[in-house]
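A.B. asks: Residues per chain, in single letters:
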Amino acid sequence: MTKISENVLWMSGNEAIAMGAYEAGVAVASGYPGTPSTEIMENLSRYEGVYTEWAPNEKVGLEVVIGASFAGVRALATMKHVGVNVAADPLFTAAYTGVCGGLVLITADDPEMHSSQNEQDNRNYAFAAKVPMLEPSDPSEAKEMLKAGFDLSEELDTPVMLRITTRVSHVKGVVTKGERKAPQVVESMIKRPEKFVMLPGIARKRRGIVEERMTRCRELAETISFNRIEEGDTKKGFITSGVSYLYVKEAFPEAAVLKLGMCWPLPEKKIRQFAEMVDELYIVEELDPFLETHIKAMGIDCHGKDLIPNQGELNTAIVRQAIDPSSKVDLFAPVALPNRPPNMCAGCPHRGIFFNLSRMKVFVSGDIGCYTLGFLPPLSAMDSCVCMGGSISIAHGMAKALGDGGHDKIVSVIGDSTFIHSGVTGLINTVYNQSASTLIILDNRITAMTGQQQNATSGYSMKGEAAHSIDIEGLCRAVGVEHVYKVNPHDVVETRKILQEAVDLDVPSVVIAEAPCVLLPEMKERKTVSYFTNQENCVGCKSCIRLGCPALSWTTFAEGEAEERGYRKKQKGISKIDEILCNDCGQCASLCKFDAITRGEGK
Amino acid sequence: MEATGNILFSGVGGQGILLASEVTVYSLLAAGYDAKKSEVHGMAQRGGSVTAQLRYGKKVYSPLIEPGGADLMIAFEMMEAVRYLPYLHKGSKVVVNTQQILPPSVATGLAEYPKDVLNHLTERNIVVVPIDAFDLAREVGEVRTANVVMVGALSVFLPVDEGNFEEIIRNRVPKKFIDVNLEAFAAGRNASK
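Chains L and U, in that order, are what the protein sequence lines are. Residue numbers for the first sequence follow our numbering, so the first one is 1 and each next one is one higher. Residue numbers for the second sequence follow our numbering, so the first one is 1 and each next one is one higher.
Here are the simulated DSBU-like pairs of lysine-lysine, each with C-alpha atoms no more than 30 Å apart in a straight line:
(1) L/497 to L/593
(2) L/270 to U/59
(3) L/177 to U/58
(4) U/58 to L/328
(5) U/176 to L/527
(6) L/177 to U/175
(7) L/236 to U/59
(8) L/3 to U/175
(9) L/205 to L/195
Hints were generated in silico from the structure; no laboratory data involved.
Kindly produce the complete structure, drawing on both the sequences and the hints.
C.D. replies: Shown next, in the form of structure tokens:
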């Protein structure tokens with residue numbers, strides 16, 4: 001966040017939303033980290049007078065927020081698109097109970113899957129859960145819409161969803177500061193069973209209220225300022241929402257546009273009015289034909305996904321060329337270059353585990369986190385990855401399918417935060433329903449992939465205050481795992497022995513790999529001693545190179561160079577450690593059998 | 001104020017691209033432009049190829065540069081200057097730090113770092129401005145100012161006064177580092193002229 005002038009700031013969509021939550025008088029906020037939503041809570045936690053927390057998962061986060069709303073204060077839940085799947089159970093029933101204090105649920109969708117396992121379009125949740133949804137186009141609008149969302153929530157007695165995408169969350173733009181509404185102060189709970197207790201008899205009554213409310217909301221959608229017709233050339237008219245609006249404005253700056261800032265429920269009269277104004281109607285939206293389907297159901301003729309792609313992000317060129325193919329321009333073709341995929345950091349504790357797994361004859365059921373990079377070469381040691389927390393239950397299913405002979409063929413791998421998120425229920429199932437697969441918990445003390453968020457095992461709250469740290473070993477034993485091992489993953493050779501012992505057991509086992517993330521502030525601040533290569537001892541076996549560490553590189557000898565430099569004639573090259581990049585983990589040294597890697601005062 | 005522009009920043013995660021793009025945007029905002037900048041966080045940041053897209057003008061809608069639409073590119077690594085070729089057009093200017101960072105396939109001996117990689121740009125009538133940012137930063141006495149050297153080199157091509165950048169450096173850099181950063185900026189600017 002940067003000041004341009006007194007009340008005008010340069011900030012990201014997520015920073016703007018945090019500021020909007022503060023200005024709206026939010027008293028309680030909860031969520032689970034997930035790209036592209038994470039920075040909302042991180043920024044909100046820096047404001048005074050707002051309670052913020054990381055919940056163990058999105059369902060818990062939304063339930064916390066429902067409770068706060070029932071108590072009478074404004075409350076905000078944040079999560080990425082797939083997180084809403086986890087929170088869908090409370091969401092659908094909160095639509096029945098309605099709210100006391102305003103309640104907004106932010107879904108941060110990731111078209112193009114920059115950092116996600118799918119690109120589901122969460123506008124469908126607004127339709128399915130029967131709640132209003134607002135969809136901003138840029139940071140400034142995101143802040144205004146969040147504030148309006150709280151007003152709307154209270155006016156209509158409903159949760160409201162705010163849908164953002166990567167190109168709102170992680171786009172920076174100019175935002176104006178506003179006044180803060182003071183948060184409500186509540187002292188006791190008011191019992192309102194007719195609203196809070198969703199027994200069938202009461203839920204049936206609330207079911208009717210949901211429909212009445214959506215009818216009122218539909219009327220409101222006709223006049224809300226976020227749904228606006230921008231006059232222009234009526235030969236081609238565009239109905240659009242979210243970031244797609246920005247691409248339409250650039251591709252067809254003269255055209256008439258109906259911008260739908262509220263993408264559910266839809267303003268039917270306004271849409272009809274606009275459709276009649278224009279000669280040809282185009283619906284421009286990312287991902288699913290959400291607006292198009294509902295507009296076509298009104299009996300209105302329009303173009304949409306017959307022209308606009310239904311996969312990936314849009315941009316100005318895609319929109320322009322889809323509608324006007326003659327506008328296509330010749331581009332330089334890409335040049336073939338070695339890929340530069342993301343990689344685990346130098347010194348990452350996960351590397352040693354995946355190195356070992358790549359050498360064991362096991363199927364690795366993986367999970368969501370930095371360690372998903374264990375799939376990439378040269379480690380290539382992850383064989384499935386579906387959803388957060390799923391690794392353990394998926395491994396159990398595999399073990400059951402394989403029958404008695406399968407106990408030593410399946411390993412599941414999960415991070416500390418992900419284990420608490422929803423992995424532990426899978427472990428309970430493994431023990432209760434008796435399968436013998438081995439679980440490796442990669443305990444690096446932090447939620448790393450999303451940028452170092454605290455969790456229930458890390459010992460600190462979101463604000464960095466000391467908090468209870470769950471004893472992962474004790475938890476595993478409590479659910480009934482008898483064989484729990486702890487290893488230092490940097491000692492690759494010792495870890496291998498213990499992994500093999502655990503895998504060979506025909507009862508459930510857990511191996512906890514304990515080593516902190518190298519990006520933890522205390523790890524970054526520590527004085528590291530680097531390892532270095534005694535190149536005269538290197539025999540070119542590539543044991544260390546196969547770790548795929550960014551600090552290690554291989555130099556191939558030119559013809560005759562090996563002999564010239566005093567190596568065996570057949571030696572193909574030597575390895576070298578970049579002492580600036582080395583992070584002092586020693587995994588390579590633990591693998592080297594030729595005394596060619598030594599720890600020393602490098603930096 | 002009529003000028004509008006699209007600047008693509010590219011490099012390798014951890015090189016400080018986001019910081020350099022921020023300094024650039026502050027100078028444009030201070031000069032009265034509207035701007036939007038798009039970044040990608042999350043998995044892509046772990047040592048992979050990264051970009052930031054900056055657009056400025058009187059009024060900016062889209063945060064994304066169209067393919068073929070980048071007028072100016074600032075690349076922190078040579079191969080990353082070429083990777084985004086489809087975003088460039090004839091006459092695009094590419095300010096590139098002549099550093100090589102080996103991707104995993106090269107570091108493990110499975111592939112070679114492409115020779116004369118910048119020729120892919122010059123062959124297509126793209127203007128290449130090579131800058132040895134580390135060398136220049138070392139000369140001014142602080143290797144960590146390589147970022148600022150690159151911003152200095154880029155600044156020549158922006159519709160912003162030199163003084164505007166200098167003011168930003170004065171306002172945002174800790175006092176004892178102001179002089180060295182101003183020198184780094186000037187060194188980059190001279191190298192680019």
